[in-house]
Amino acid sequence: MAANAGQHAVEELASAIAGDDPGDTLDCIRDFADSAGVIAKLDGLTRPADATAAIIANDAMPWARGYHFARAARHAWEIPPGAMRNDQICDMLKISPTALPAGDGHSVNVPLGLAIRAPESTDLRLVLRKGHRTSRRFEVIRLLSDHFMAPMSDRWLLATDAKTARQQSQRAFAAEFLCPIDDLKDFLGGDYSDGALEEAAHHFLVSDRIVTHQLENHPGFAPT
Numbered sequence: 027m028a029a030n031a032g033q034h035a036v037e038e039l040a041s042a043i044a045g046d047d048p049g050d051t052l053d054c055i056r057d058f059a060d061s062a063g064v065i066a067k068l069d070g071l072t073r074p075a076d077a078t079a080a081i082i083a084n085d086a087m088p089w090a091r092g093y094h095f096a097r098a099a100r101h102a103w104e105i106p107p108g109a110m111r112n113d114q115i116c117d118m119l120k121i122s123p124t125a126l127p128a129g130d131g132h133s134v135n136v137p138l139g140l141a142i143r144a145p146e147s148t149d150l151r152l153v154l155r156k157g158h159r160t161s162r163r164f165e166v167i168r169l170l171s172d173h174f175m176a177p178m179s180d181r182w183l184l185a186t187d188a189k190t191a192r193q194q195s196q197r198a199f200a201a202e203f204l205c206p207i208d209d210l211k212d213f214l215g216g217d218y219s220d221g222a223l224e225e226a227a228h229h230f231l232v233s234d235r236i237v238t239h240q241l242e243n244h245p246g247f248a249p250t
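By the count of the numbering used here, the sequence shown reaches residue 250 at its end, each step adding exactly one.
I should point out that these hints are in silico values taken from the structure, not numbers from a laboratory. Where hints are given, some of them may not hold.
Dumping the calculated BS3-like pairs for lysine-lysine here, alpha-carbon to alpha-carbon at most 27 angstroms [as the list claims (entries may be wrong)]:
id, residue 1, residue 2
1, LYS67, LYS156
2, LYS120, LYS156
3, LYS189, LYS120
4, LYS189, LYS156
Distance ranges between label pairs, derived from CB positions [stated by the list, open to error]:
id, residue 1, residue 2, range
5, PRO107, GLU225, 17 to 25 angstroms
6, PRO177, ASP220, 28 to 36 angstroms
7, PRO107, ASP220, 21 to 29 angstroms
8, PRO177, GLU225, 33 to 41 angstroms
9, ASP47, HIS132, 18 to 26 angstroms
10, GLU104, ASP50, 42 to 50 angstroms
11, GLY215, GLY45, 16 to 24 angstroms
12, GLY49, GLU224, 41 to 49 angstroms
13, GLU104, THR124, 19 to 27 angstroms
14, GLY49, ASP187, 16 to 24 angstroms
15, SER179, ASP50, 25 to 33 angstroms
16, GLY157, GLU242, 38 to 46 angstroms
We treat Cβ as the ideally placed atom computed from N, Cα and C, and that holds for glycine.
Make a model of the complete structure from these sequences and hints.
So, in structure tokens, the structure goes:
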């Protein structure tokens with residue numbers, strides 16, 4: 027598959043299909059990859075040229091690469107502070123609003139989400155596995171980040187549950203992109219009660235777990 031998906035993509039794929047029957051899982055993934063998906067057009071987005079982000083992308087821990095890259099991306103793409111609504115994401119990627127449902131749908135039983143790069147184009151075909159609205163938003167932004175951080179030789183971009191460096195960077199990017207720590211801190215105003223964290227998750231349209239992880243990764247903003 028390396029000739030079609032890319033060598034680095036296949037390495038990520040190997041981590042995702044480890045189990046009792048990887049052959050059967052791989053067959054399911056092939057079928058999943060052939061589904062129609064959603065076409066995202068990225069011609070209006072360029073890789074952030076911020077010097078700090080370029081250094082971070084090569085030298086830092088995986089979560090730090092994703093975090094700093096997300097901050098650089100929001101600045102380069104002129105995204106205003108605060109929560110990102112569904113319509114903002116859809117406008118940015120030029121996708122239909124129905125791609126990010128308001129309700130909670132069913133997830134597909136495969137171990138990854140996919141973005142497939144179009145040849146000689148900046149288009150991405152998003153083949154999403156998540157059905158829950160917050161999880162689906164998070165998955166889309168993970169795949170967007172991988173497009174800008176992954177080797178250009180990879181045609182397949184994968185968002186998996188594995189703990190590889192690449193997946194860690196994706197998750198950190200999506201967390202900071204959708205729920206910036208500075209905005210989260212301002213929203214909470216020093217209140218770290220369970221109710222306040224739930225309200226923050228609802229405000230930023232992310233899971234409770236993402237809010238908690240953001241605070242854990244930036245302990246200066248969390249209660250002592």
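Violations among the numbered hints, reported as their numbers in ascending order: 3, 6, 11 and 16
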